[in-house]
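Below are the chains, spelled out letter by letter.
There are 2 protein chains.
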Amino acid sequence: MNKMRKIKGGVCAAKGFVAGAAGCGIKSGKATRDDLAIIFSELPAAAAATFTTNKVKAAPVRISAEHMRAARVRAIVLNSGNANACTGPNGLADARAMAAATEKALGLKPAQALVCSTGRIGVPMPMPIVLKGISSVRLSRAGGTPAAKAIMTSDTFAKEFALEVITHDGHFQIGGMAKGAGMIDPNMATMLCVVTTDAIVPAAALRSAFRESVADSFNRITIDGDMSTNDTAILLANGASGISPSPKIFSHALDTVTRALARMIVEDGEGVSRFVEVEVRRAASKPDARRAAKAIANSTLVKCAWAGGDPNWGRILDAVGYCGAKMNEAKTDIFYDELAAAKNGVASGTPVKKLRQIAAKKTFRVTVDLKVGKAACVVWTTDLTEEYVRLNLGE
Amino acid sequence: MNKMRKIKGGVCAAKGFVAGAAGCGIKSGKATRDDLAIIFSELPAAAAATFTTNKVKAAPVRISAEHMRAARVRAIVLNSGNANACTGPNGLADARAMAAATEKALGLKPAQALVCSTGRIGVPMPMPIVLKGISSVRLSRAGGTPAAKAIMTSDTFAKEFALEVITHDGHFQIGGMAKGAGMIDPNMATMLCVVTTDAIVPAAALRSAFRESVADSFNRITIDGDMSTNDTAILLANGASGISPSPKIFSHALDTVTRALARMIVEDGEGVSRFVEVEVRRAASKPDARRAAKAIANSTLVKCAWAGGDPNWGRILDAVGYCGAKMNEAKTDIFYDELAAAKNGVASGTPVKKLRQIAAKKTFRVTVDLKVGKAACVVWTTDLTEEYVRLNLGE
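Heads up: the sequence lines are chains L and S, in that order.
Here my numbering is used: the first residue of the first sequence is 1, the next is one more, and so on.
Here my numbering is used: the first residue of the second sequence is 1, the next is one more, and so on.
Keep in mind that a hint or two might mislead.
List of simulated lysine to any residue pairs, SDA-like, C-alpha gap at most 25 angstroms [as the list claims (entries may be wrong)]:
{"id": "1", "chain 1": "S", "residue 1": "LYS15", "chain 2": "S", "residue 2": "THR156"}
{"id": "2", "chain 1": "S", "residue 1": "LYS371", "chain 2": "S", "residue 2": "ASN344"}
{"id": "3", "chain 1": "L", "residue 1": "LYS361", "chain 2": "S", "residue 2": "GLU386"}
{"id": "4", "chain 1": "L", "residue 1": "LYS104", "chain 2": "L", "residue 2": "MET127"}
{"id": "5", "chain 1": "L", "residue 1": "LYS55", "chain 2": "S", "residue 2": "GLU279"}
{"id": "6", "chain 1": "S", "residue 1": "LYS27", "chain 2": "L", "residue 2": "LYS326"}
{"id": "7", "chain 1": "L", "residue 1": "LYS353", "chain 2": "S", "residue 2": "ASN344"}
{"id": "8", "chain 1": "L", "residue 1": "LYS326", "chain 2": "S", "residue 2": "MET227"}
{"id": "9", "chain 1": "S", "residue 1": "LYS326", "chain 2": "L", "residue 2": "ALA101"}
{"id": "10", "chain 1": "L", "residue 1": "LYS354", "chain 2": "L", "residue 2": "ALA375"}
I should point out that these hints are in silico values taken from the structure, not numbers from a laboratory.
Chain L extracted, bound-state conformation (with noise of 0.2 angstroms):
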């Protein structure tokens, strides 16, 4: 018999971590806020770590992705307000220089620290205050909090969730906390994302869990369509439950904490005024599906509909066309909640009036019946605000 509750907490919700936060004033010179998080494992941990496919990669990335192959991971350390994005040797200099930091300040070997950044893009590091910043962190089982606060930059609430997770052979627990994708004041959208388990999970168990996890959460979410060059997803598990959830029960939890988070990061996306969930049912294949509901998810007509409220199908249908699914606009149906808005291509014949009381709520689902086949996807998105796109005008 097994059982999931939600406990408080993100990061250090699971036995055997640390975290703490500085302010280093990364962004102006000036330590107003946090904006430095360091999260630290006492036991040894294996760990999963999924990159940004943008072939223009920040230097911390690089750095991340060569200590994941180098060693087993012991600590994170992540800022906000610079992301250390396009940067050339001198960034992976400093990107790698944060890492030794962080060892050293922890009493770790070389390549035991990855490196997350957010923030602005093309500035240098301001390594001093970084390095000064580093040193002077102190990690508590209390840091959690602080350390999602400090990674924040246009979110408008940090983002945590944990579960304890009962087996029959005792509990473990898993908890994480992300950053959103949101514009980075004023830069680009980037989405950081650690979680922590002290379950015990072996490193090959622990990757392709967590490659299939991110793949259903990360990666179903978009707000604007733009990947970004800092995308980053994190996972430790220590061991220090002493528990060995079979796999179902841990990829349970792991989705669980993973689709949580992802769905706070698009409830807290930038000028956000709705959530929608686009599902495309009866595609030809997976590719497809996925393919027709991130093109009505990016879809700038569609979206801008939405935020006015209006549930225009034809919008909906034009980009279902022209994504290169295969369709037949003649059999495709959608729907706004359980109301259908077109049949077979055509006006369903429901009063425009009730279509509109849904597409103007906080939250609702559209569904696109393609009825060529067996896929489906499903695809978390916002709507596109004049809001947006004030927050985006840049400096």
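Using the hints, position chain S against chain L.
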């Protein structure tokens, strides 16, 4: 010796073409402005046409494609206010009836008229008033501008362009009209274009010249990345000038007309405050160059930065990184007009203030030099403003 000069007019600039418009009240039921146009070639004409590649195709697109295969086209009937898209079998019958009524009014044989519609989608065409409008249109040499006005939706100006081309045998005329790729009060983007010429051009040569010309003009612009269900471009050549220009001369004149109209469409995009020419150079292949240019031009974040006059090269590099084109961050240069913003993937050292002066202009050029091959592509696009969102919030 060949010379071209810009002349007044549009679809009636070439000899043997007449046009006219009528106000039917297609959208609102009230005929407050012209919303129907007919263009007629007094002589038999060779025809070429390109249609949307969206799998969701409006009824007039399907009927026009059918008529292009069947017969020698002599007339085009166009309307604004209703796209006749996503209207099922009834919509097809309506488009067919519009063609038939036009053929009858002009004494033509079946399938000699094409149909173009733009406006609301998913709404039945109000056929009684449309058919009455078709029978009321009076055609004349002076009808070009009224026709160009009748197809406007959210366009702020009528788009016409014409040339007189002087060859050593004499001169011919070529001219056209277009409507913009803006949102259709409140539905989807549609681009319509008709070009006419009195040059003698064999049908096969006409088709190949038009295909290439459309690829280098209308297919290289983007306002919002949403491809319409109704996009149609038509070229008629009736030979009335008695001149048979060389393919080179004809293509040059045709390209000048299509590019001028394409540029007008972008300049009149909804809520636009900047016209941006994006050039990607030294890409590994033509498709790569196009993919990178389109990714930049359609990036929500890049377009928002431009709206704010922010020369945010990081967002541009980010878009090139995720578009799938072969690239190496450490080799990539980015320019605003002639000024380097980034060299080899890092800030160029050009003062941001100077770059900002360029990004705040109404028209500027962004060049991305990938240095991985020899292919290039130029795309024309716009910024993304709060006004655009406001215009597209829906009903």
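### Query
Hint numbers the structure violates, sorted upward?
1, 6, 7, 9, 10
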